[in-house]
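Model the full assembly from the supplied sequences, consistent with the hints where possible.
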Amino acid sequence: MKNLYFIVLTLMTFCFSQAQIVNIPDANFKNTLVNSNCVDINGDGNGDIDADSNNDGEIQQAEAEAVIGLNVSYKAIHSLEGIQSFSNLEYLNCEVNQLTDLDLSQNTNLTILDCYFNNITSLLIPQSPNLIELDCGSNELSSLDISHNINLEILWFSYNQITSIDLTQNPNLKVLSCVSNQLTSLDVSENPFLEFLYCESNQLTNLELLNPNLEILSALNNQLTSLDISQSPNLTELRLIYNNLTSLDVSQNHNLGLLDCRANQITNLDVSNLSNLTALFCSENLLTNLNIRNGNNQIMTEMIAINNPNLFCVNVDDVQYANAQICDINPPFYDGWCIDSWANYSENCILGTNNYTYDSISFYPNPVENGILHLEYNSELKVETLQIYNTLGELVITKHNNYQTIDISMLKSGIYFLKFKTKEKLVIKKIIKN
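Heads up: the sequence shown is residues 720 to 1153, going by my numbering.
To be clear, the hints were calculated from the coordinates, so they are not data collected in a lab.
Check each hint, because a few of them may be wrong.
Claimed, not checked - For each label pair, taking beta carbons as the anchor points, the in silico distance ranges come out as:
no.	residue 1	residue 2	range
1	Asp885	Ile935	20 to 30 Å
2	Ile935	Gly1133	13 to 23 Å
3	Pro931	Gln888	30 to 40 Å
What the hints assert, rightly or not - Derived lysine-lysine pairs resembling DSS-like cross-links, with alpha carbons at most 27 Å apart:
no.	residue 1	residue 2
4	Lys1148	Lys1118
5	Lys1138	Lys1118
6	Lys1131	Lys1148
7	Lys1152	Lys1138
8	Lys1152	Lys1140
9	Lys1138	Lys1148
10	Lys1131	Lys1152
11	Lys1152	Lys1118
12	Lys1131	Lys1149
13	Lys749	Lys794
14	Lys1118	Lys1131
15	Lys1140	Lys1118
16	Lys1118	Lys1149
17	Lys1138	Lys1149
Quick caveat: nothing in here was measured; it's all calculated off a predicted structure.
Backbone N, C-alpha and C fix where the C-beta goes; we use that ideal spot for every residue, glycine too.
Spelled out as structure tokens, the structure:
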């Protein structure tokens, strides 16, 4: 009798669990589960069938537990309440909805979570080692705890409001994207397998890199004053636009194919060790020296070094080849090889200094106060043309043959460059117009 009672009780419990209906308050979430192909059964990330296997218009507990992959993206869902019943869920894509909070702390089997582009202010992820990939970008998060997700390999939390992040418990991290947050510091010293780091548009003043596998670093639009990349020899792309760098040593980064360090305060840039370099962008710096003589200039399809007022000479492999390169100007975009009009190419800028400064030419006063610039030079020099350029590289005055004075009163106050051309020499001088 007792055995019969036990069997009946077991059957009742089993039937109850099978018939128990999951509470899903959000109408759009429930409709998606019941009436759309949202269950991924082959692991490709796309929905194949709906979750209502018995077609009764409800989601039973057993039906929820049977779901391994779930894609409910782009469904105008406000709440995923009820998701806790999907206890075997490994993959969840709920991107581009209207979620404001997301609690997945009970979904401990989750390996991939994509909740990109919602309005989430609170995100609770499972404290388990199973999570491998997390994309919570474009939300309204101010904090993120991933300290228990030790096997995390891919982390995207760009376009949030996060001020700090602890990555010390994520030794397997390979991809990190934290673009457009409010980070003032970023410690990736405990992430030796990191390959891709995107940390643009934060408030970083320092970035220590001890990542030998790093291939791409994009740290543009920060406040970096220095950067040591000597411990990342596998870098292929380096983007550092809009920082406060005064120097940049790339001598240990032989695999670099793209270097973009525009809009800094760099005075000297030597890429002669970078034989794989195909694109160099170093405009809007304070360069006085630029050495691109790497023995392989032929593969460099882009070399943009404009708006460097103190750069008169660029070291290249072959002057004839460099001069033959075309600069396609369509501001603010430039293609090809572009240098300022007062700069020139040389195969040895140091030995060729006399080509760019010439003591027998002098001018006064400097700064020019009354608009008249006086020139003095040997009459045998035979100046063919004298040109004046502004700092945008625009030709503003041209004179032919010998001149002793030049009226520049019509020019605005600022820095200009005089370019003397003779049969033997090219001389460039900087003047200031008050």
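Verification of the hints:
1. Asp885 <-> Ile935: 20 to 30 Å: 23 Å, holds
2. Ile935 <-> Gly1133: 13 to 23 Å: 38 Å, violated
3. Pro931 <-> Gln888: 30 to 40 Å: 20 Å, violated
4. Lys1148 <-> Lys1118: Distance ~15 Å between Lys1148 and Lys1118 Cα, so the pair holds.
5. Lys1138 <-> Lys1118: 10 Å, holds
6. Lys1131 <-> Lys1148: Holds. Lys1131 to Lys1148 sits at ~18 Å (cutoff 27 Å).
7. Lys1152 <-> Lys1138: 16 Å, holds
8. Lys1152 <-> Lys1140: 22 Å, holds
9. Lys1138 <-> Lys1148: 7 Å, holds
10. Lys1131 <-> Lys1152: With Cα atoms ~7 Å apart, Lys1131 and Lys1152 stay inside 27 Å; holds.
11. Lys1152 <-> Lys1118: 18 Å, holds
12. Lys1131 <-> Lys1149: Holds, because 15 Å separates the two Cα atoms, which is no more than 27 Å.
13. Lys749 <-> Lys794: 10 Å, holds
14. Lys1118 <-> Lys1131: Holds, at roughly 19 Å.
15. Lys1140 <-> Lys1118: 11 Å, holds
16. Lys1118 <-> Lys1149: Cα-Cα ~17 Å, so holds.
17. Lys1138 <-> Lys1149: 9 Å, holds
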